[in-house]
Amino acid sequence: DQQVKQNSPSLSVQEGRISILNCDYTNSMFDYFLWYKKYPAEGPTFLISISSIKDKNEDGRFTVFLNKSAKHLSLHIVPSQPGDSAVYFCAASINRLTGGGNKLTFGTGTQLKVEL
Amino acid sequence: ETGVTQSPTHLIKTRGQQVTLRCSSQSGHNTVSWYQQALGQGPQFIFQYYREEENGRGNFPPRFSGLQFPNYSSELNVNALELDDSALYLCASSLTRSNTEAFFGQGTRLTVV
Numbered sequence: 001d002q003q004v005k006q007n008s009p010s011l012s013v014q015e016g017r018i019s020i021l022n023c024d025y026t027n028s029m030f031d032y033f034l035w036y037k038k039y040p041a042e043g044p045t046f047l048i049s050i051s052s053i054k055d056k057n058e059d060g061r062f063t064v065f066l067n068k069s070a071k072h073l074s075l076h077i078v079p080s081q082p083g084d085s086a087v088y089f090c091a092a093s094i095n096r097l098t099g100g101g102n103k104l105t106f107g108t109g110t111q112l113k114v115e116l
Numbered sequence: 001e002t003g004v005t006q007s008p009t010h011l012i013k014t015r016g017q018q019v020t021l022r023c024s025s026q027s028g029h030n031t032v033s034w035y036q037q038a039l040g041q042g043p044q045f046i047f048q049y050y051r052e053e054e055n056g057r058g059n060f061p062p063r064f065s066g067l068q069f070p071n072y073s074s075e076l077n078v079n080a081l082e083l084d085d086s087a088l089y090l091c092a093s094s095l096t097r098s099n100t101e102a103f104f105g106q107g108t109r110l111t112v113v
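From first to last, the protein sequence lines are chains A and B.
Under the numbering used here, the letters of the first sequence match residues 1 to 116, in that order.
Under the numbering used here, the letters of the second sequence match residues 1 to 113, in that order.
Fair warning: there could be bad hints in the mix.
As the list claims (entries may be wrong) - Simulated coverage check for chain B against chain A, where a stretch passes if three residues somewhere in it have a Cβ under 8 Å from a Cβ of chain A:
(1) 20-30
(2) 71-82
Said to hold, decoys possible - Residues on chain A that point at chain B, a partial pick, calculated with CB under 8 Å:
(3) Pro40
(4) Ala41
(5) Phe62
(6) Phe65
(7) Thr105
(8) Phe106
Claimed, not checked - Restraint ranges, calculated between C-beta atoms of paired labels, are given here:
(9) B:Gln41 / A:Ser12: 18 to 26 Å
(10) B:Glu52 / A:Pro9: 34 to 42 Å
(11) B:Gln18 / A:Gln14: 24 to 32 Å
(12) B:Ala80 / A:Asp1: 19 to 27 Å
(13) B:Asn99 / A:His72: 36 to 44 Å
(14) B:Leu83 / A:Lys68: 36 to 44 Å
(15) A:Lys68 / B:Gln18: 41 to 49 Å
It should be emphasised that the hints constitute simulated quantities derived from the structure, not laboratory data.
Positions of the beta carbon are idealized from the N, C-alpha and C atoms, including for glycine.
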C-alpha cells in the first residue's frame, strides 16, 4: 500500500523555467511533509518541509504547497537551474511532536532534468 | 562537524549469510533511523533508535535487527539474507526523535547473490 505517491517518474524542464513536482498521499494522519533531493551515489538531502497546519512554505527558489483537502502537495522550483537535476523524493511523517517526526514514509521519487 | 557516515559503501553477500552495516551519526544527534531503498523505489523505514532503545519499527521481519551505542552510532544486522534484501541501505540521524530534518549518509549498497 503506497501511502505517498509520486506519479511522475521523470520531468524535464528548461533552465530558467519553473519546475513543478507533485506528490499525493492517502493517510490523513500525516502531519508533516518534506522534500528531499538525491544525487547519484549520495544520500538524500533535506530540501524543504511543511507542517499540516500551513498551506505554503517558501525558501529561496523552493516553495512547497499543501492542499490537505486534496491530500496533495507540490514543490515549485523557480528558476530551475542545471544543478537542480536530481531525484526528488516527497516524504511524510505522523506525530512529529511526539517522536514520530523522522519515521518517514517516502514516495518513489521524480527524476528532474533541467536542460540548458 | 562531521556528517553521517556509513560503512562499508558496497558489499556482496551470499544468500543465507548474515551482514552488519554500520553508521556514525552526526555529532550531537541522538536518533538514528535505517531505511532500505530497493531499485526504482523510495526509501522504506526499517526502524529507529533513540538513546539506545528501539523507537519504532516498519514492516520488516525480525531477521532485521539493530543496535545503538552510547556514542549514538548504530548497526543494522540482517540474518539469513535473501535475494530481495539486495538494496541501498540508508542511515539517517536527527537531533532528537521529534526533529524531522533527518541527515542521511551516502548508504551501503548490499548485493545478495
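Results for each hint:
1. 20-30: Since three or more residues must qualify, the claim that chain A covers the segment 20-30 of chain B is violated, with 0 doing so at under 8 Å.
2. 71-82: That given contact is violated, which follows from only 0 residues of the segment 71-82 of chain B lying within Cβ reach (below 8 Å) of chain A.
3. Pro40: Hint violated; Pro40 (chain A) Cβ to chain B Cβ min 10 Å, cut 8 Å.
4. Ala41: Given a least distance of 7 Å, the restraint on Ala41 (chain A) holds.
5. Phe62: 14 Å, violated
6. Phe65: 18 Å, violated
7. Thr105: 7 Å, holds
8. Phe106: Result: holds, 3 Å to nearest chain B Cβ.
9. B:Gln41 / A:Ser12: 18 to 26 Å: 22 Å, holds
10. B:Glu52 / A:Pro9: 34 to 42 Å: 39 Å, holds
11. B:Gln18 / A:Gln14: 24 to 32 Å: With Cβ atoms ~50 Å apart, the hint is violated.
12. B:Ala80 / A:Asp1: 19 to 27 Å: Roughly 26 Å apart at Cβ, these two residues keep to the hinted range, so it holds.
13. B:Asn99 / A:His72: 36 to 44 Å: Taking Cβ atoms as reference, Asn99 (chain B) and His72 (chain A) lie about 25 Å apart, which means the hint is violated.
14. B:Leu83 / A:Lys68: 36 to 44 Å: 40 Å, holds
15. A:Lys68 / B:Gln18: 41 to 49 Å: Since Lys68 (chain A) and Gln18 (chain B) have Cβ atoms about 44 Å apart, the given range 41 to 49 Å holds.
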